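Line by line, the protein sequences are chains U and E.
The first sequence begins at 1 in the numbering used here and counts up by one.
The second sequence begins at 203 in the numbering used here and counts up by one.
Rather than coming from a laboratory, the hints here were simulated on the basis of the structure.
What you are looking at is a predicted structure, and each value in this text was computed from that prediction instead of being measured.
Among the hints, erroneous ones may be present.
Straight-line distance between alpha carbons at most 30 angstroms, and here's what the computed DSSO-like set of lysine-lysine pairs gives [as the list claims (entries may be wrong)]:
1. U:Lys150 x E:Lys243
2. U:Lys168 x E:Lys204
3. U:Lys168 x U:Lys65
4. U:Lys193 x E:Lys243
5. U:Lys168 x U:Lys150
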Amino acid sequence: MAGLDRQTQDRRIDDTMLIREAQRGNRAAFEELVRHYDQSVLRLALHLTGTEHDAQDVYQDAFLKAYKNIGSFRFECSFYTWIYRIVTNLCLDHLRRKNVRKEDAPVAKDADGGEYDLLDQVADGRAGANPERDLMRRQLGARIAGALEKLTPRERMVFELKHYHGLKLRTVGEILHTTEETAKNTLFRATQKLRGALADMR
Amino acid sequence: MKCEWVRESIVLYVYGELADDARHELEQHVARCEDCAAELKAEQSFHALLSRDRAEDPTPNLLAASRMRLQEALETAHQGAWWHRLAFDPANWLRQVRFSPALASAILILGFAGGVGTTYKVYGTRTPVIPPPSQNQAPSDASIAGIESVTQNPGSNQISIKYNTVSTQEAQGSLNDQRIQQLLLYAARSNYNSGVRVDSVDLLAQKTNDMQVREALMYALQNDTNPGVRLKSLSALGNYVKDDVNVRDAVLRALVNDTNSGVRIEALRLLEPVKADGSVRGVLMALAAKDQSTYIKSQARTMLAQLPEID
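Excised from the complex, chain U in its bound form:
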């Protein structure tokens, strides 16, 4: 445990030096900094946007924005929080745009129809050691994805950061520029909605 703390601390110091270097225009330092965070950033973007293409766009925009604005980073929060603020903002924009597109679409979205398409694809896909269980897992994934899409962008983001990324709600609040209390309420609402949407699943 102490070793882990030490490691985080080392990483912090390391980051601080890299940030200072990057602020002086050292691109190599910035690229090193990117490598400390980009895997989790990409994972978040991938799960939130649902496509590799969109995830790559978020990744690109986020780090370019960070590079351009790193001069104004003043160590008031951790770099982790700072970079996640940029990423979550971009993701929220993405989710909002997606919601608008959905509403504009002439044909109302039929959740069940989408699901069957997915299941068809799975059925003629590769057969695993246990195809039935594999199928169940994919079916579950598709249902959860459908339920997540029905959340508001902010509920989705809080749930995503807490459930899939295991962040503390205090950190989630910091990232989203809100209080821990609001983050708690949002998480509560999100899980209520999800439970409602997935009530028939066991």
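Since the structure of chain U is already known, use the hints to place chain E on it.
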């Protein structure tokens, strides 16, 4: 009331977000209240259900592709303007001054240019302040570059403070203008904003027949922290690898020592016309034998293979 609180807190309980005392309270309540116990069980099994689905890690391919795309974009991206940092981040600014003697002296020089050594007299609180007409404006904090001395005249309540000021000056002229050239040479060497250095090197590249300019470019090639600046200097020096031994040596040093593979590959390309030269040949052989970059290794081999054998 209690049940309501428990219902709202169960999610936090499941996610380990309840404080110790609240957790204890919840557990106590659930042990007694059947409804809440059922609710907790339902939430836990729902949580377990959700946890069977996890966010996939990005594939190594996706990660590598994203990194490459970002790197390309960073080559041309510019950071916020330097005065931005100067104006909004005094702590960082001071740090720069502390760590960079070149910058510190630049500020001193600027200070002199901006009308230095103003003596600012502060009168004691009881005597009315009668500032001399030329000094009646108190300088804002941001324009003080440093305080040189503070002395109190013995036997009186007058204090003399000598301080330097920074003021932004502007110079205009053609590239042939001596003063413009001096400023560019200075900027290429010492400015801490890489954008300014790139611009200066870019302009200086048109004046490479001047020995002083060539020296500045070689200095940038060897010492600049920004690979973009190094690459620009390198390209500007390209025409002189044949005739100027110093330039050739500088390019060779870049080929061997530079940390950026783009710079190294460009250096290798520039040395192509002089590959028969003894020193270049030696370096090529060393690279062909063992270099971290397989591309450079194979390029060096190809170049060597094209050379006529001399024994």
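Hint numbers contradicted by this structure: The structure conflicts with no hint, since it agrees with every one listed earlier.
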